Structures are given as C-alpha cells and as structure tokens.
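Using the sequences and the hints given, assemble the complete structure.
Residue numbers (the numbering used here), protein chains in the order written: chain Y, 1 to 321; chain X, 1 to 327.
There are no misleading hints in this set.
Label-pair ranges, simulated between beta-carbon atoms:
(1) K196(X) with V106(Y): 51 to 61 Å
(2) A131(X) with V106(Y): 34 to 44 Å
(3) S258(X) with V110(Y): 56 to 66 Å
(4) E213(Y) with R241(X): 41 to 51 Å
No wet-lab data here; the hints were simulated from the structure.
Just so you know, these numbers come straight off a predicted model, no measurement behind them.
Idealized CB from N, CA, C, for every residue including glycine.
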Amino acid sequence: MLGYTIKRLLQMVLVLWAVSVIVFLMMSFTGDPVFMVIPIDSTQAEIDQARRILGLDRSMLAQYGIFIGNLLQGDFGRSYVFGQPAMELILERLPATMEIVVLAVVIAAVVAIPLGVYAGANPGRASSRAIMSGSLLGISLPGFWVGMMLIFLFSVRWHLLPSSGRGDAVEVWGLRLSFLTVDGWRHLILPSVTLSLGTLAILLRITRAGMMEVTRQDYMKFARAKGVSRRGVLYGHGLRNALIPVVTIFGLQLGDLIAFATITETIFAWPGLGKLLIDSIYRADRPVIVVYLMLVALIFVVINFIVDIVYTLIDPRITVK
Amino acid sequence: MTAPLLSVRDLRTHFHTFSGVVKAVNGVSFDIGAGQVMGLVGESGGGKSVVGFSILGLIDPPGRIEGGQILLDGQDLVGAPEEALRRVRGRQISMVFQDPMTSLNPLHTVGRQMDEMLRLHTDLDAPARKAACIEMLESVGISRAAERLGAYPHQFSGGMRQRVVIAIALLAGPRLIIADEPTTALDVTIQSQILKLMRRQIADRGASMILITHDLAVVSEMADHITVLYCGKVVERGLTRDVIGAPAHPYTRGLIDSIPDPRHRQTRLSQIPGTVPDIRNLPVGCSFRERCPRAQALCAQADPPLTAQRASLHAACHFPLTEAEAP
Chain Y
1 MLGYTIKRLL QMVLVLWAVS VIVFLMMSFT GDPVFMVIPI DSTQAEIDQA
51 RRILGLDRSM LAQYGIFIGN LLQGDFGRSY VFGQPAMELI LERLPATMEI
101 VVLAVVIAAV VAIPLGVYAG ANPGRASSRA IMSGSLLGIS LPGFWVGMML
151 IFLFSVRWHL LPSSGRGDAV EVWGLRLSFL TVDGWRHLIL PSVTLSLGTL
201 AILLRITRAG MMEVTRQDYM KFARAKGVSR RGVLYGHGLR NALIPVVTIF
251 GLQLGDLIAF ATITETIFAW PGLGKLLIDS IYRADRPVIV VYLMLVALIF
301 VVINFIVDIV YTLIDPRITV K
Chain X
1 MTAPLLSVRD LRTHFHTFSG VVKAVNGVSF DIGAGQVMGL VGESGGGKSV
51 VGFSILGLID PPGRIEGGQI LLDGQDLVGA PEEALRRVRG RQISMVFQDP
101 MTSLNPLHTV GRQMDEMLRL HTDLDAPARK AACIEMLESV GISRAAERLG
151 AYPHQFSGGM RQRVVIAIAL LAGPRLIIAD EPTTALDVTI QSQILKLMRR
201 QIADRGASMI LITHDLAVVS EMADHITVLY CGKVVERGLT RDVIGAPAHP
251 YTRGLIDSIP DPRHRQTRLS QIPGTVPDIR NLPVGCSFRE RCPRAQALCA
301 QADPPLTAQR ASLHAACHFP LTEAEAP
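What follows is the structure, given as structure tokens:
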C-alpha cells in the first residue's frame, strides 16, 4: 500500500511536469501576450519595456526555467490581466465550481443508481424501457440547450429560481460558499441540475448494464434461496458486484465536470473556474492557463488514485501493487 | 402412514420463450416424509432443477408455475405471497447449488453470508449468531472456523466452498434440503467426502433431502426413494433398492446400464441411444418411445400414465420390464 502510494505520487509529479511542458509550449505559439496588456496606442519603447517587465524578452527555455524555478518555490506566476498571483485567482474560483460539481454528481448518483438497479433488475418492464429512453435523452441533449431551457422555464416563465450568479455567499476559512444560505441554494439548483444530466444518464446506463449481468449470477439466486428480500438481494448482494465500472465512470465524470464545467458556468454566469479559463484564453493570460491546466491534471491524478483505492474497498479480490 | 413433510401434486412449470412454451415440469407428483432422502434423477434438461426452484418459488419470468400444488405440512406454497415464501426459504427449506464457485457472493466474507441466514431466521443476538456460525463451520469439517469467518470465498477451495454452502443451508435448521447436483462441479476425490458429510448432517438433524442428480450411483448410496424424471414427467418412482435392482421403466434401465460396473469389464459402455427430444415440441404419446428398445405402436398413440408396478415401483410405461429382466 505504501509502495503503491509512493509510486502514484511519483507518477503524479511526472504527469504534472509533462503537462507544464506541453502547456507552456503550446501557449508560446498562440500569440504575443504583451499586446493583451499594453494600451493600443503604445510606442515601441513602451512595448519593449512591458516585454522586459513580463520577462517575455528572454528565450523560451529561459522563460520555462524561470517558471519551473518559481513553481518549485510555490510561486505560480502572476496573471498578466489581473496582476494577481495566478494560483490565488484559481483558488478563489475553485469553491464556486466545486459547489455546483459536487451537487451535480450527488444528484446524478442518487438518481441514477436506484433507477439503474431497477431497470437492470426488471429489464422487460415498460417503466424500465421508459427510464432507458430518458437516459438516451440525457446523453444526447446538449448542456447549453438544457441550461437555457431551465432558465426559460424556472426563471423567465415561473419566476421560481434565479438565472445567474451565486447569490448570497458566506465566507468560511477564507472560502466564499453559497451552499450555507437559502439564497445560495436557490442559485445552485439550476446550474447543478444542468451539469448533472449527462453524468446521470451515463451512470444510469452503466449501473443497469452491471445489474443485468449480476442478476444472472448464482449467488443472487442463492441469496434469495436463503430468504433474503428482493430489495436485500438487489442492494445487499447485487449492487456492490455491479459497482466497479460505476465507480470508474463516476471518477472520470467528476474530474471532467470540475475541469470543464465551462459551458454551464457561462450560461448561468457562475463565477467558477470555467469562466476564468474562458476569460484567460480570450486574453492569452498564460500563467493562469498553465496553472489551471496543471491543477486539472492534478485533480485527475488524485481522483484516479482515490478510485483505485475504492476498488479495493469494493472488491477484496483486488489489491493495489 | 403419517402425512408427508412435502407433497408435490401435479406440478407444472412452464417457460414462455420466443420459440415456444417449454414445459420443463409437466405434471410431477411425489411425497417426501420427514427424515427421508429422495433422489430426483434424470438427464440434463429433464426438469430436475426446475422442480427444486419451483418448490422454493424461485422461478423467474419467462418461467411460471402453471398449476399443481406444493404442500409443505399441508400448506400450499404455489401462489403463496412472497412474504410467506421468504419465511419458508432458508428456514423450512434450503438449497445447495451445483457450483460452489459461483453460489457464494464474492464480495462478502463467509461469516457475513452465514450470519445473514441467522439474522433472517432467528432472534439470536450477534455473539450467539457468531458462536452458531463457528460451530456449524466446524461441524462441516472446516478447521480454524473462527478465523475463517473473516475470509472471502476466493480464499477457499471448491470443496471447502461447498462445505460452506452446506453449512449455510443447514444453519437455520431447515426440515428439507434441496441439493441440486451438489457434487457435480467438484473433483472426484472430494465428491464422496461431500456426500458423506451431507448424509451425516441430514441424518443428525432428522431433516429430509431432495438430491437432484444425473448420477444414479450417487443416488443409490444416498437415497431412500428415487423419482426418475424424463421430459418434465415422472417416469418411475419407488424405493431405491427396487428402482436400482429391477426397474420397470426402460429409461431407468438405460440409466442404470450406463453406469460403469467394475465387476464386468465390458468392451463398450452401454448408453441410451439418441438424445432428449426438443421439449417445446414433444411427440404425441410416450416421450421416450423414439429412444426406447421396447416401443410399439401403442407408445406413439397414448402417453402412458404412472401406474403401480411390482413391489414399491410406479412406472409410466405401456410395456414395463418384469423382474426377470432385471440386470
């Protein structure tokens, strides 16, 4: 277990380094950021001066060396646009994204797993077919359309829920959180539901496929022959056996939503990471993009690590090496 | 004669598949008294396992019990509510499956799977349940039982797993055990150990057993009575010594002849010609006639009813074998 953790940590460092190289190289081909920060009528002398201040007059390799050197000292660089440390900018936005993402995956799991178990255990029923058709819709409807429809119905038509922003937020340990206020919750619902639909549909289908496989197994019939209730057989014996692929997909989706909730955040004007990323890409704010993508890589590596550990908790036959 | 523990009357279990109705069990009747062991014998596809699952009410769609009665102490289990059946399963009647590799949940410890049985069917508290599990594991021949409770099925060999399955089946003190080919998936060397274990456990507890098997040799050692199924129907039944010694039905005779006999070194083992007919499309008359050496014109016209023959035997045959024709 310890060896495995160390191996995974080394792997993580390697991944992060690779991401930093790739991102840094890519960004250097996408235009000169100096033009993003200077006034439009600057003289050549002013441009040169700005270059020097930003360190853009040095070679690529030197720039990367400085970047890595600073990074190892915990300095991730400053945003060209805001002048703030890039890490600070990102960490400021992270709680907002985490809020809608966590709520979205909770909604997805809580709805998808019972429906998937039901549809897998009763494959012939009309209700199961309806669930499966619904899940196809969930997969195929684009998030931006669903988001706009929800705004149209719940905000514009019925005036039930707000359409944009975070609402009242409370500061806890320096983090601004919405889910501690009623108004914050009202703002959370629509973006979270929008974000959850795709994940919900995929988890539902994976759960169903697993349950269909599992219900054919002898140990399910043996459990019934012991006098276990149908519910007890499905949830006590069946679900856990169907859970490995569900956990895998859950982990991937979680990472995906944290990293790329961009569209939903844009539609609901949710001040999270996705909006920051889009804004930074528009303005060629290289330090922010680099730190952002490294953070995303880190999140994926960590989630995969956790998923591997969860495998061993689900199935005693699986060990990590 | 006292009332039987279990009485199956004209049981019919059919499967409604796309390619037609499979009458897997089609009018099966038998009785089992307390403490008796009945062998339920037949070839693969003869409906033996379906009888077992029907008794426990574990027939899933597209299968359905179409008719008949399954009387446990005079109470009909056919059509009984699920709630009532759950109190019968495990507590009154329990089952041992064919393949111990797959009949235990791979993700739960052996202890948890045993404990579940006691939690469902007894009022014992946790320490008492644990003590009962340990005692049961020891009685089925598993050493260091207390430690083994924490082990997972994959940490046991096939024979050991079947011992665990038997232990689970016995835990709640059922009066009837249905053992569905309990040794078929095991090594030959383990088979007789497991059979001996089952026979001793059943006898010690005064329980009854239905031993479902295709192996007449096994049945002749274990059972008091034998019921032979062919194409979903009882073709012969009687006391073991009568059925094995001088069967009246040619199908039973064929099964007996196909057991290798070490005393007679035959050049070639005899077998029943042909295969089991397509059960969706049984011919009119006796289902066995196309494979039967004694078949005559009558066999193609009328399905023979199960009638009393010599001694304890009942057979469904127009031209039963006489005692003089015994092997």
